[in-house]
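Asks: Chains A and B supply the protein sequences, listed in that same order. Using our numbering, you'd call the opening residue of the first sequence number 12 and step up by one each time. Using our numbering, you'd call the opening residue of the second sequence number 12 and step up by one each time.
Don't read these hints as lab results, they were simulated from the structure. Keep in mind that a hint or two might mislead.
If chains are identical, the list can't say which one is meant, so a pair holds when it fits in one copy or spans any two.
Here are the simulated DSS-like cross-link-like pairs (lysine-lysine), alpha carbons at most 27 Å apart as the crow flies [as the list claims (entries may be wrong)]:
| id | residue 1 | residue 2 |
| --- | --- | --- |
| 1 | Lys332 | Lys58 |
| 2 | Lys159 | Lys127 |
| 3 | Lys200 | Lys165 |
| 4 | Lys329 | Lys165 |
| 5 | Lys252 | Lys353 |
| 6 | Lys58 | Lys249 |
Spelled out, the chains give:
2 protein chains.
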Amino acid sequence: TVSAPAIAQAQPTIKWRLTSSFPKSLDTLYGGAEVLANRLRAMTNGKFDIRVFAGGEIVPGLQALDAVQQGTVECCHTAPYYYVGKDKTFALGCSIPFGMNARQMNAWVYYGGGQKLLDEFYANYNIVSFMGGNSGTQMGGWFRKEIKNLGDIKGLKMRVAGLGGTVFERLGAVPQQIAGGDIYPALEKGTIDAAEWVGPYDDEKLGFFKVAKNYYYPGWWEPGPAFSFYVNKKEWDKLPKEYQEAFQAAAYEANVTMLAEYDHKNPPALSRLLSQGVKLQKYSDEIMNAAYKAAMEIYAEESAKNPAFKKIYTEYDKYRKTQNAWFSVADTTMDRFLQTHK
Amino acid sequence: TVSAPAIAQAQPTIKWRLTSSFPKSLDTLYGGAEVLANRLRAMTNGKFDIRVFAGGEIVPGLQALDAVQQGTVECCHTAPYYYVGKDKTFALGCSIPFGMNARQMNAWVYYGGGQKLLDEFYANYNIVSFMGGNSGTQMGGWFRKEIKNLGDIKGLKMRVAGLGGTVFERLGAVPQQIAGGDIYPALEKGTIDAAEWVGPYDDEKLGFFKVAKNYYYPGWWEPGPAFSFYVNKKEWDKLPKEYQEAFQAAAYEANVTMLAEYDHKNPPALSRLLSQGVKLQKYSDEIMNAAYKAAMEIYAEESAKNPAFKKIYTEYDKYRKTQNAWFSVADTTMDRFLQTHK
């Protein structure tokens, strides 16, 4: 039944700015913020209007958190692990080497107590957070030469960020921090031996396959990175209740659609790469096992000196183990069968 | 910036009824409709008010589609494969044996053209549809005796619904249609030899583990069933644009949160079942391979006589193969490694 429209006090017009950590060229990642903003405008007849700015337009991509914390902008869309330089705890809200996959992160954050733990930590930064996208398991990078064992890792100069870089360093590699646009020339000239980026769809655009033919999998340092919307706490508290609710629904949408969009775009991109002579290579057990061991050592060391990390990691790790025990039964058994029956 | 609230014409109050196909006891499934309704009320200050009724309260669970089609209620929350008796094409919007998993369904429906194909088909039933939940890969049922090979399937009386039942029939079993509440006594008395339901969390509540100790996996007839909201087309068209937008955002939320909730609840439920002496059993390759072959024959036969099925299945099958080729690389390799490193 539709009652006659009432004359009532309407919702206020609110204009926010969102700084994305991503360039427009990473269209699926950048698009997560557009999904949120477009839906919010459409739900409120344009009254809750969030304008999205690409990384660099207001502040550099890696300063998105600071901009929200300081109130330069009301919100951002970012990868929490960009801020491990401030505190490694940030990585637990995004992705850690050998951590949880996309579905497991959703289970943990939405239902397993993860949101509460993260919010306690984020309160130190004056922000509230909402998951807003996932790439699925990323790829393990482009290598000019094959790497078969740990010996091949020693001295390897690789563009790899965050905790993945810390693990590679323990294995004897020399991790490099290089911005997206500078990776290709460095790889072409041989200034670096290897570089990781995202997955087939994004990697293809940067053209790495032309200068490094060995494409390794899986990206064990990013089993399911969760991207987030951070909102300045004071601005959040000022929102009308209805707009807070609308923001949350739109963030759920951005979360599920980004992963679906990556899952849609990656398969044909991988096919195109393979048709260009790319060699798909699996990380050897020797390398995977050594990296796993190094990662667990890093988590133990960080837990010993960082109470915030320890508190969240302890719960995260317990949850991850329970999840993996279950996923190994129905889901992965099914997936493996289907992958071998074409 | 927050402008002063304007006095303007507010949105109308709209009251809808939603019939769920599920009983309240299946709280995670039933809860999908509550997630939608609660968020819509909260976003609209109670003005878009959808009241949720459990299966049987207005119409029986399996008549939800008819109730929406005929306008008895404005919308429903259901499992499309309940309607394979009308047309097997319905199963393609939900789950088919050896079909796509949850992430793949999202990719196909949201980005791979699936929504358009399904909407063309649903137009015959006067409905528009929105995905609204997924259980992940289900379990393969409870068996009083071990089944090791095809010989053990012959003559087996099993409670299994839909296309899964059709496949079991080709393998020589005698599928039974039994409503949820009647399964336990039938299994206890030995009137049936086996029964499938959902997964650990829902199965535990029905107590099957007390009378049939062999718990098989994976549920190859439900690799990732997608549940849907169906809305009567005329009622949908009458909604204000803002409410249509809010409905869509809330449906995305219901979709991602149901899967997360199942992923959260299933692992501890499986642990509890195992501590009760349940024997976890994997379907043998012989049975899986024969079931896969039978399923593919059924799809070919249906395609030969049903143009609607053929049109959608052809695209579905192509998409599924491309998806599986990609998932076998990064995601499943990562998942398997983690499942074997505790």
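Asks: Each hint: holds or not?
Replies: Each hint, compared with the structure:
1. Lys332 / Lys58: neither (44 Å within a copy, 43 Å between copies)
2. Lys159 / Lys127: For Lys159 and Lys127, neither the intra-copy (42 Å) nor the inter-copy (46 Å) Cα distance is at most 27 Å.
3. Lys200 / Lys165: Result: close within a single copy only, 20 Å intra versus 65 Å inter.
4. Lys329 / Lys165: Answer is neither: 33 Å inside a copy and 43 Å across each miss the 27 Å cutoff.
5. Lys252 / Lys353: Neither: 50 Å inside a chain and 43 Å across chains, both beyond 27 Å.
6. Lys58 / Lys249: Intra 15 Å, inter 22 Å, cutoff 27 Å: intra and inter.
Hint violations for this structure: numbers 1, 2, 4, 5, all remaining hints satisfied.
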